[in-house]
Every structure is written in C-alpha cells, then in structure tokens.
Amino acid sequence: DVKVTQSSRYLVKRTGEKVFLECVQDMDHENMFWYRQDPGLGLRLIYFSYDVKMKEKGDIPEGYSVSREKKERFSLILESASTNQTSMYLCASLEGQGLINEQFFGPGTRLTVL
Amino acid sequence: QKEVEQNSGPLSVPEGAIASLNCTYSDRGSQSFFWYRQYSGKSPELIMSIYSNGDKEDGRFTAQLNKASQYVSLLIRDSQPSDSATYLCAAPPFNAGNNRKLIWGLGTSLAVNP
Numbered sequence: 001d002v003k004v005t006q007s008s009r010y011l012v013k014r015t016g017e018k019v020f021l022e023c024v025q026d027m028d029h030e031n032m033f034w035y036r037q038d039p040g041l042g043l044r045l046i047y048f049s050y051d052v053k054m055k056e057k058g059d060i061p062e063g064y065s066v067s068r069e070k071k072e073r074f075s076l077i078l079e080s081a082s083t084n085q086t087s088m089y090l091c092a093s094l095e096g097q098g099l100i101n102e103q104f105f106g107p108g109t110r111l112t113v114l
Numbered sequence: 001q002k003e004v005e006q007n008s009g010p011l012s013v014p015e016g017a018i019a020s021l022n023c024t025y026s027d028r029g030s031q032s033f034f035w036y037r038q039y040s041g042k043s044p045e046l047i048m049s050i051y052s053n054g055d056k057e058d059g060r061f062t063a064q065l066n067k068a069s070q071y072v073s074l075l076i077r078d079s080q081p082s083d084s085a086t087y088l089c090a091a092p093p094f095n096a097g098n099n100r101k102l103i104w105g106l107g108t109s110l111a112v113n114p
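Each protein sequence line maps, in turn, to chains C and G.
Numbering-wise (the numbering used here), the first sequence opens with residue 1 and increments by one.
Numbering-wise (the numbering used here), the second sequence opens with residue 1 and increments by one.
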C-alpha cells in the first residue's frame, strides 16, 4: 500500500513564524502536491512538483514556498505565517502514468496560526 | 476558468436506498473522472475512476459518464450508515500534458440514516 505521511497532525504557530510542513511518500512517485482545505472552499492547490527540484505554482501560491530535494519528500514552507493561513493542509502523491491519476493523500496537518 | 460543480447537499437517504451523486464539468476535453470519499476529519480516498462513456460498476458503487452532456454521477446501492461522508468529484484539465493536476468539485455531503 502507498503510504503518505505528514510530519504533524496538529500544529499551532504564532503570526510571523516560519513554518515547515513535511510530507514523505514511500512509493517512488514522481508527482507530489500540497493543498489546503477550508470549509466552503474545497481543496485548493498550493504547489505541486513533478520531479526532484521541479515545482509549479498552483492556484494559491502566495505566502508559500516549497522544496523537493529528494523524490520522496516534499516540504511546504510558510515564510511568515499569518492568521489567514489557518487551515487543513493535505499532501498527496501520484505516480503519473497515462490516464491514471489517483492521488494518494496523507492524513493532513491542521495548522492554527494565532 | 475550468470548473467541476457538485451540489453541496446535504443529501439524506435512508439505509438500504440508492444514493445518487452528480457532477458536471466545464472542460469538454477532460478524459477521465474520479470520485473520492472523505470522512469527516480524514483525508480523501479514491473510490471510483471512469474514462469511457457509460457505466462502471465496482461492488455497490456505479460511476456513470456522459461526455456529451459533460456529466458524471456516482450511484451507491444499498446505502449504509458507513457511506456517510463527503464525496468529491475531480477531473484533470484537457491538455494537461505532464501536469498531473486535478480540478476538484466542492463535494456533496451524504448522510445515510439508519
């Protein structure tokens, strides 16, 4: 079974702090994604990566950056956390062959910024 | 802006009934469609994928695709209380190339009443 793990289930940070969210997948998948999920707004793509050191902006990249130094690890960085970044953050990975597009999700990190 | 639309619900059905969840999409070129289930407080998991017009059955679940009408549905037969969840519809945009993004609907909340 594919396993996607995230570094924390719950995180509380203060405004202005730099926050690192880590995601690790164990299936040698090429593609990895960071989403945030808010009530009424659904899943919104922040960034994704299709290879090591390769990244593309999603729909809401402002205030975030990412790092993918190794294939199995994709990190989301909040450079200076703000209260409007309080959300559920979900990481996903995908093998990416043909039409197959099953994204496997991690358990999520619920981030609260005070 | 390419979109995937779903009724937010909640859709309430009695145990044993058929639950019908609907999704429309704006990108005529989309080739594949996915239904994910998300329990409250958990991350999404793939339950059905469909690539061709017509029906695809998997146990109690049937996905139906009508590309001419840009419509995809999910039927759940013999609904159980354990089916109570939010169901997300997703599709990759046409001409995605190596871009493995998905466009997500906001989800339909289903409640199966014992």
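By construction, these hints were calculated from the structure, which means they are not laboratory data.
Backbone N, C-alpha and C fix where the C-beta goes; we use that ideal spot for every residue, glycine too.
A portion of the hints provided could be inaccurate.
With a straight-line cut-off of 35 Å between C-alpha atoms, the simulated DSBU-like cross-links for lysine-lysine are [stated by the list, open to error]:
1) C/Lys-53 x G/Lys-42
2) C/Lys-57 x G/Lys-2
3) G/Lys-101 x C/Lys-57
4) C/Lys-70 x G/Lys-67
5) C/Lys-53 x G/Lys-101
6) G/Lys-101 x C/Lys-18
7) C/Lys-70 x G/Lys-2
Facing chain C, a subset of chain G residues (Cβ under 8 Å, in silico) [as the list claims (entries may be wrong)]:
8) Arg-37
9) Ser-49
10) Arg-100
11) Gly-105
12) Gly-107
Sample of chain C residues lacking proximity to chain G, with all beta carbon distances greater than 12 Å (derived) [claimed, not checked]:
13) Gly-16
14) Glu-22
15) Asp-26
16) Asp-28
17) Gln-37
18) Leu-41
19) Arg-44
20) Leu-45
21) Val-52
22) Tyr-64
23) Ser-65
24) Arg-68
25) Glu-72
26) Leu-94
27) Gly-106
28) Arg-110
Each hint tested on the structure:
1. C/Lys-53 x G/Lys-42: Judged against 35 Å, a Cα distance of about 29 Å means the pair holds.
2. C/Lys-57 x G/Lys-2: holds (17 Å)
3. G/Lys-101 x C/Lys-57: holds (11 Å)
4. C/Lys-70 x G/Lys-67: violated (39 Å)
5. C/Lys-53 x G/Lys-101: Distance of about 18 Å is within 35 Å: holds.
6. G/Lys-101 x C/Lys-18: holds (27 Å)
7. C/Lys-70 x G/Lys-2: Holds, at about 32 Å.
8. Arg-37: violated (11 Å)
9. Ser-49: holds (7 Å)
10. Arg-100: Where the cut-off is 8 Å and the nearest Cβ of chain C is about 5 Å from G/Arg-100, the hint holds.
11. Gly-105: Holds, about 7 Å.
12. Gly-107: holds (6 Å)
13. Gly-16: Label holds. Min Cβ-Cβ 28 Å, cutoff 12 Å.
14. Glu-22: holds (16 Å)
15. Asp-26: holds (16 Å)
16. Asp-28: Holds, because the least Cβ-Cβ distance between C/Asp-28 and chain G comes to about 15 Å, which exceeds 12 Å.
17. Gln-37: violated (9 Å)
18. Leu-41: Incorrect as stated: the minimum Cβ-Cβ distance to chain G is 8 Å, not above 12 Å.
19. Arg-44: Non-interface label on C/Arg-44 violated, nearest chain G Cβ at 8 Å vs cutoff 12 Å.
20. Leu-45: violated (6 Å)
21. Val-52: Holds, because the least Cβ-Cβ distance between C/Val-52 and chain G comes to about 14 Å, which exceeds 12 Å.
22. Tyr-64: About 16 Å separates C/Tyr-64 from the closest Cβ of chain G, which puts it past 12 Å; holds.
23. Ser-65: Answer for C/Ser-65: holds, closest chain G Cβ roughly 18 Å.
24. Arg-68: holds (14 Å)
25. Glu-72: C/Glu-72 clear of chain G: closest Cβ-Cβ about 17 Å, beyond 12 Å.
26. Leu-94: violated (5 Å)
27. Gly-106: violated (6 Å)
28. Arg-110: violated (9 Å)
In the structure shown, a violation is registered for the earlier hints numbered 4, 8, 17, 18, 19, 20, 26, 27 and 28, in ascending order.
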